[in-house]
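Chains as they are written, first to last, in our numbering: chain A, 33 to 335; chain B, 16 to 141.
Since the hints were made in silico from the structure, they are not lab data. Values in this document were obtained by computation on a predicted structure and should not be read as measured data.
For lysine-lysine, the following BS3-like pairs were computed, each having C-alpha atoms within a straight-line distance of at most 27 Å:
1. A/71 x B/99
2. B/108 x A/203
3. B/108 x A/71
4. B/50 x B/130
5. B/56 x B/77
6. B/26 x A/71
Which stretches of chain A does chain B cover? Using the computed rule of at least three CB atoms under 8 Å from a CB of chain B, they are:
7. 66 to 74
8. 236 to 245
For each residue, glycine too, the CB sits at the ideal point set by N, CA and C.
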Amino acid sequence: MATTIEPTSPSTLGTRRTASPLVWQGLRLGVPGEWSPVKIEGDFDKGFISLADLDRDRLGVRWQTVSAKADPVALVSTAMRNEVGQLAFDESIERQPDGDWSVARLYVEPEPPGRDVWIGYSHRTRRIVQVVYHAQRREPTLANAIIPTLRDEGVPGGLAATWSVFWLDVKLPQPMRLTGQRLNVGDLSLTFTTDGGPLIVRQLAAASVVLGRRTLESWVASIGEPKRYRTTDRGEPVTVRGWTGLRLWHARRRRLMLARWVPRAFVTYAVHDPEADRLALVRAPSDALAVAAITGIGRAGET
Amino acid sequence: MWPLRRKKSAKPSREQVLGARPLRLVEESPEPDGKGGARLKIKLRQAKWAGMFVRLPDSSTKTFEFDEIGLLVWNNCDGKTTVKRLIEAVASKCKVSLREAEVSTFAFLQMLAKKNLVGIEMEKKD
Numbered sequence: 033m034a035t036t037i038e039p040t041s042p043s044t045l046g047t048r049r050t051a052s053p054l055v056w057q058g059l060r061l062g063v064p065g066e067w068s069p070v071k072i073e074g075d076f077d078k079g080f081i082s083l084a085d086l087d088r089d090r091l092g093v094r095w096q097t098v099s100a101k102a103d104p105v106a107l108v109s110t111a112m113r114n115e116v117g118q119l120a121f122d123e124s125i126e127r128q129p130d131g132d133w134s135v136a137r138l139y140v141e142p143e144p145p146g147r148d149v150w151i152g153y154s155h156r157t158r159r160i161v162q163v164v165y166h167a168q169r170r171e172p173t174l175a176n177a178i179i180p181t182l183r184d185e186g187v188p189g190g191l192a193a194t195w196s197v198f199w200l201d202v203k204l205p206q207p208m209r210l211t212g213q214r215l216n217v218g219d220l221s222l223t224f225t226t227d228g229g230p231l232i233v234r235q236l237a238a239a240s241v242v243l244g245r246r247t248l249e250s251w252v253a254s255i256g257e258p259k260r261y262r263t264t265d266r267g268e269p270v271t272v273r274g275w276t277g278l279r280l281w282h283a284r285r286r287r288l289m290l291a292r293w294v295p296r297a298f299v300t301y302a303v304h305d306p307e308a309d310r311l312a313l314v315r316a317p318s319d320a321l322a323v324a325a326i327t328g329i330g331r332a333g334e335t
Numbered sequence: 016m017w018p019l020r021r022k023k024s025a026k027p028s029r030e031q032v033l034g035a036r037p038l039r040l041v042e043e044s045p046e047p048d049g050k051g052g053a054r055l056k057i058k059l060r061q062a063k064w065a066g067m068f069v070r071l072p073d074s075s076t077k078t079f080e081f082d083e084i085g086l087l088v089w090n091n092c093d094g095k096t097t098v099k100r101l102i103e104a105v106a107s108k109c110k111v112s113l114r115e116a117e118v119s120t121f122a123f124l125q126m127l128a129k130k131n132l133v134g135i136e137m138e139k140k141d
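Pulled out of the complex, with its shape left as it was, chain A reads as follows:
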């Protein structure tokens, strides 16, 4: 029996855009499509992202949660002084973009090549965010193109609802904590924690190559069952947002019947978006959550 969940929607599974948002741990940043993350470290409280294009490093973003008692003005000034030195600090100016930035400073290197630095404090999540742009010539990229797009969409407690990295972007039904990521070439996966259990959102590029050699059913079977679960059915055809695919139910293994913290059932959705040539796989402890996650795929651009 086939199930249709929502009428066909024109959206695709994260096609490339010229100016794509990078949304990670609640920080949203608009960067050119040619820039990709080359290093992602840390978590919501403290972390670092480095972006580069084919030729060189372009941008670095660092964030850290600070104590509620700390003075944001002093923190931003100290961070800027440590980053660029006292002389350059004197040349830096106050520059607050829209949003939750209560204090912010910008330093623009007068004689590139050098580094343009912006440091701001978000009172929303109590984080100091530092953005460093590697300027090769005099261009106002950081001040005029990047900083105006910077937003803090995080929720105190380490939660965020929107995530976008490489070509995987998803708007979750509610803010969640990221507990794991696997960002392999052409195979991106994010794992979140929910009250009922983990939510896994995975996307694969070049779906035509995968499905050229095997069916969707055999591909899903090759991934294997979630740990502690056994598959209870052979898969039911579904259509979500016009993407055709498969839904599988998994039941908790009998030997874990006393492990109440392990959700009783788990659902897997695997759908194919032929337009974007992508496969999406969502695993969630409830059907509603899985459908909501699939519905949110490719919608990180919507604020």
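Mind docking chain B on chain A? Use the hints.
Positioned in the frame of chain A, the structure of chain B alone reads:
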């Protein structure tokens, strides 16, 4: 002190690597497999010293299987297309980011070079 020791060649810069032009080293052309990919059949050549122990039949061949993307890279290893251009072509074909395409294209070219299927021509530093 060691006059016969071979000098280590300088590591090529990133710019040089991206500007390099891979070239196919075999004359055989791949045959389509009907699934978008192709099979490349190469005649095996025996090393002289190996012939002393085992003799390979003249008809012995080795087959390499390319998928759609591998075939795209192989067809563009013409000695004129740069690695950077190849990466852009793979990124556009697979709709992935340039960085991702770079990683997979480099890995694939390295594998082809290791199997002596392509050579990579690099411009010398001035």
